[in-house]
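S.K.: Take a look at the letters that make up each chain.
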Amino acid sequence: MGSRSMVSLRLVAGLLVFCVGIALVLMPDSVPALPLAHLFVLATSFILILVGLTAAARTLGTDLSSTEAPVVERPVDLPRPGSDVEEQLEVLSVSSVHAVSGTSRTNWIDVSTQFRTRLHRLTVSVLVDHGGLTETEATEAVDAGVWSENPHAVAFFTGEYPAETPLSVRTRIELVSGTPSVATQAGHVIDELRAITQEDQRPRRQELLDALETEGPETTNEGGEDER
Amino acid sequence: MRSKQRDQRRLTKEVKMNADSPASTDNTSGTDSGGSSDDSNSVDSSDNSDEPVQRRVVEKHSPDRWRLAAGAALISAGVGTLFAQPALLLVTVVCVGALALRWTTFPPEPVVAIERSFSTDSPAPGDVVEVKTTLTNLGESTLPDCRFVDLVPDELSVVAGSPRAATHLPPGARCTLEYEVELRRGSHRFEGVHAVVSDRAATSEHVYLLASEDEFRCRPDPESLPAAPLRRLTTPYTGRMATEKPGEGLEFHSVREYRRGDALRRIDWNQYASTRELSTLQFRTEQAAAVVLVADVRPVAYVRSQPAENHAADRCLDAVSRLFVTLLDADHRVGIATLGPDFWLAPNDGSEHRNRALDALASEPALSPSRFGDDFPLRLRAHQLLQRMPATTQVFLCTPLVDDAVEVPVQLLESAGHEVVVVSPDPTSMETAGGVVTALERRHRISRIHGYGVPVVDVGPEESLDVVLARIGWSR
Numbered sequence: 061m062g063s064r065s066m067v068s069l070r071l072v073a074g075l076l077v078f079c080v081g082i083a084l085v086l087m088p089d090s091v092p093a094l095p096l097a098h099l100f101v102l103a104t105s106f107i108l109i110l111v112g113l114t115a116a117a118r119t120l121g122t123d124l125s126s127t128e129a130p131v132v133e134r135p136v137d138l139p140r141p142g143s144d145v146e147e148q149l150e151v152l153s154v155s156s157v158h159a160v161s162g163t164s165r166t167n168w169i170d171v172s173t174q175f176r177t178r179l180h181r182l183t184v185s186v187l188v189d190h191g192g193l194t195e196t197e198a199t200e201a202v203d204a205g206v207w208s209e210n211p212h213a214v215a216f217f218t219g220e221y222p223a224e225t226p227l228s229v230r231t232r233i234e235l236v237s238g239t240p241s242v243a244t245q246a247g248h249v250i251d252e253l254r255a256i257t258q259e260d261q262r263p264r265r266q267e268l269l270d271a272l273e274t275e276g277p278e279t280t281n282e283g284g285e286d287e288r
Numbered sequence: 051m052r053s054k055q056r057d058q059r060r061l062t063k064e065v066k067m068n069a070d071s072p073a074s075t076d077n078t079s080g081t082d083s084g085g086s087s088d089d090s091n092s093v094d095s096s097d098n099s100d101e102p103v104q105r106r107v108v109e110k111h112s113p114d115r116w117r118l119a120a121g122a123a124l125i126s127a128g129v130g131t132l133f134a135q136p137a138l139l140l141v142t143v144v145c146v147g148a149l150a151l152r153w154t155t156f157p158p159e160p161v162v163a164i165e166r167s168f169s170t171d172s173p174a175p176g177d178v179v180e181v182k183t184t185l186t187n188l189g190e191s192t193l194p195d196c197r198f199v200d201l202v203p204d205e206l207s208v209v210a211g212s213p214r215a216a217t218h219l220p221p222g223a224r225c226t227l228e229y230e231v232e233l234r235r236g237s238h239r240f241e242g243v244h245a246v247v248s249d250r251a252a253t254s255e256h257v258y259l260l261a262s263e264d265e266f267r268c269r270p271d272p273e274s275l276p277a278a279p280l281r282r283l284t285t286p287y288t289g290r291m292a293t294e295k296p297g298e299g300l301e302f303h304s305v306r307e308y309r310r311g312d313a314l315r316r317i318d319w320n321q322y323a324s325t326r327e328l329s330t331l332q333f334r335t336e337q338a339a340a341v342v343l344v345a346d347v348r349p350v351a352y353v354r355s356q357p358a359e360n361h362a363a364d365r366c367l368d369a370v371s372r373l374f375v376t377l378l379d380a381d382h383r384v385g386i387a388t389l390g391p392d393f394w395l396a397p398n399d400g401s402e403h404r405n406r407a408l409d410a411l412a413s414e415p416a417l418s419p420s421r422f423g424d425d426f427p428l429r430l431r432a433h434q435l436l437q438r439m440p441a442t443t444q445v446f447l448c449t450p451l452v453d454d455a456v457e458v459p460v461q462l463l464e465s466a467g468h469e470v471v472v473v474s475p476d477p478t479s480m481e482t483a484g485g486v487v488t489a490l491e492r493r494h495r496i497s498r499i500h501g502y503g504v505p506v507v508d509v510g511p512e513e514s515l516d517v518v519l520a521r522i523g524w525s526r
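Those sequence lines, one after another, are chains P and C. The opening residue of the first sequence carries number 61 in this note's numbering; numbering runs sequentially from there. The opening residue of the second sequence carries number 51 in this note's numbering; numbering runs sequentially from there.
These are computed hints drawn from the structure, not numbers from a lab. It should be emphasised that the depicted structure is a prediction, and the values quoted were computed from it without experimental measurement. Just so you know, not all the hints are guaranteed correct.
Below, in silico cross-link-like pairs of lysine to any residue (SDA-like), each with a Cα-Cα straight-line distance of 20 Å or less [stated by the list, open to error]:
| no. | chain 1 | residue 1 | chain 2 | residue 2 |
| --- | --- | --- | --- | --- |
| 1 | C | Lys110 | P | Glu209 |
| 2 | C | Lys295 | C | Ser274 |
| 3 | C | Lys110 | P | Ala103 |
| 4 | C | Lys295 | C | Asp318 |
| 5 | C | Lys110 | C | Ser167 |
| 6 | C | Lys182 | C | Arg315 |
| 7 | C | Lys295 | C | Asn320 |
| 8 | C | Lys110 | P | Ala271 |
| 9 | C | Lys295 | C | Arg306 |
| 10 | C | Lys182 | P | Ser126 |
| 11 | C | Lys182 | C | Asp204 |
| 12 | C | Lys110 | C | Glu159 |
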């Protein structure tokens, strides 16, 4: 709607200028009668230069478009399994929910909630299948943050970095880079899950249960859950 | 015997050149195709060499460089006026002239005839076929700058030559695009030629779709598997599958007390020699199974990890074709159904039924390598299958298991008494974060399906079905 009214405005302005030009050509006697003729010419010249420069700059500043021929030499592009996950990670890659606004903010919160639920369910199932835990034990281990030694992966679900977070990581978060984005934390969770499913890196059930028993409320609130 | 049948199948391959190309797409009902081997491996080719093809404008485009001319005209007019330089005003006139040319010249409309020819009339999967597409300018005006791209079917790869050309085409002149494609199973449709036509000054470009439809139908020639992963459910018909029921057969079942009327050949004479008591040998009764092979061809199944590999739906259809001939060779009754666009071939046996199924795999849009039609609610499709299938039918569900929804038909069919086996080509790859999540979710899905008492044959990306069946020891 806005662009259409802009076009009609331009059209009217163009027609007006055209009519004035034709009138001046046909009736040159009227030119001396114009008040402030020199100033008028000067202003017109500047406007012409300005508009011309703007048009040229806009053209040079944008990629030149051209017709694109279809790629037919290879089979048609189909989605990769997991491309939806990549798209969600892309949305969550902004530093925090405060960095987006409007519909993007609502979208960020929706995607974050869905993705967290999805990864939580997946982590529990991986701990059941590969760690020998029951579903309840696995859920408790994830919620208590004892399922992994990776502080970023733990913080993805708990929203807090565990007390035993290495000093180097803590320093980097507090002094240098700030709390990593949800996508970064999710990436650590996915790396941990990949490692757990590999034969030699499976968690031992008893170790997880012991950790669950000894888990206290001692955590440091480093954020990572801006929207909570 | 199998090789003999295969030879017979090869002999029955006939080619049908059909002048009416759209006729090849008539069979979209989704029900029993009822085809025969006559129109299986074929090329439906349209002969448009003398008549101009239909064209449709897809897009009109004006190259952005003309905006520069407009900017230059304005700047030179402004500077010329400011410094009272008539020469600069002349530059403006030149630029305005160029812009006027832009608005007054138009690309000519292409009046083109298209003739497409193929190096073979009986294409088979794996063949490399040479395609020649000749475009003739039948119009009165020259096409000063035109680019043509032959629209190769979605799932075919160009292995040599090029399906595109840029040329100048005077009236009556011809341009030929020559290239080679490697064929695959199923129906492959050439939609037409993508043409970009520009005027002499290249002020604007018009993009056209020139309609010229041809179709390859490649009938599969699937290899039998060493064994199919059958479960226990059988039909009342005699067959070759040993059951738990004692009776006539080949495989020993048990020994029972002799009853009057038992055949002499079934008496256990060794037992009689040692104990002087008559007993009768019993064998496992051999009966035929009825199996419906359900292919998951929903839109979600059209995924692949690498551009060069077959997509998951195609791998499912490949598994269906191999299981079909394997079960049919073992004298079972076999049918084919789909999740997604509807197709139904009721379980049956015999060579006519085999031809009908293989023709369907070559020509049915629902079984095509290219995505066809819309999705259909899974629960409704499962209920539809339950209504269509006889009670004693096993189900082989060939699905990549890429979503949770596919568990619905598995549960419904298994709980209705149809023994289900899931054959699942794995399309996932652990190379990316998304791939890891999808692969692990799929593994957990397999665990859940095992929990319903349903076996899952998981076929890895680099594996073939027969190797997997041999590895898991399915030898029955």
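S.K.: For every hint, state whether the structure bears it out.
M.R.: Now for the hints, and whether the structure bears them out:
1. Of the pairs offered as hints, the one joining Lys110(C) and Glu209(P) is violated, with about 59 Å between alpha carbons and a cut-off of 20 Å exceeded.
2. Taking the CA atoms of Lys295(C) and Ser274(C), the gap is near 28 Å; set against the 20 Å cutoff, the hint is violated.
3. A distance of roughly 37 Å separates the Cα atoms of Lys110(C) and Ala103(P); the hinted pair therefore is violated under the 20 Å criterion.
4. About 19 Å separates the Cα atoms of Lys295(C) and Asp318(C), which keeps this hinted pair within 20 Å; it holds.
5. The hinted pair formed by Lys110(C) and Ser167(C) fails the criterion: a straight-line CA distance of about 30 Å is larger than 20 Å.
6. At roughly 69 Å between alpha-carbon atoms, Lys182(C) and Arg315(C) are farther apart than 20 Å, so this suggested pair is violated.
7. Taking the CA atoms of Lys295(C) and Asn320(C), the gap is about 24 Å. The hint is violated against a cut of 20 Å.
8. For the given pair, Lys110(C) sits about 67 Å from Ala271(P) by alpha-carbon distance, which is inconsistent with the 20 Å threshold.
9. Using a Cα cut-off of 20 Å, the hinted pair Lys295(C) and Arg306(C) holds, with the two alpha carbons roughly 13 Å apart.
10. Proximity of Lys182(C) to Ser126(P) is assessed by CA-CA distance (about 28 Å); at most 20 Å being required, the pair is judged violated.
11. Note on Lys182(C) and Asp204(C): the hinted pairing holds, with a Cα-Cα distance of about 18 Å set against a maximum of 20 Å.
12. Between Lys110(C) and Glu159(C) the alpha-carbon distance is near 12 Å, which keeps this suggested pair within the 20 Å criterion.
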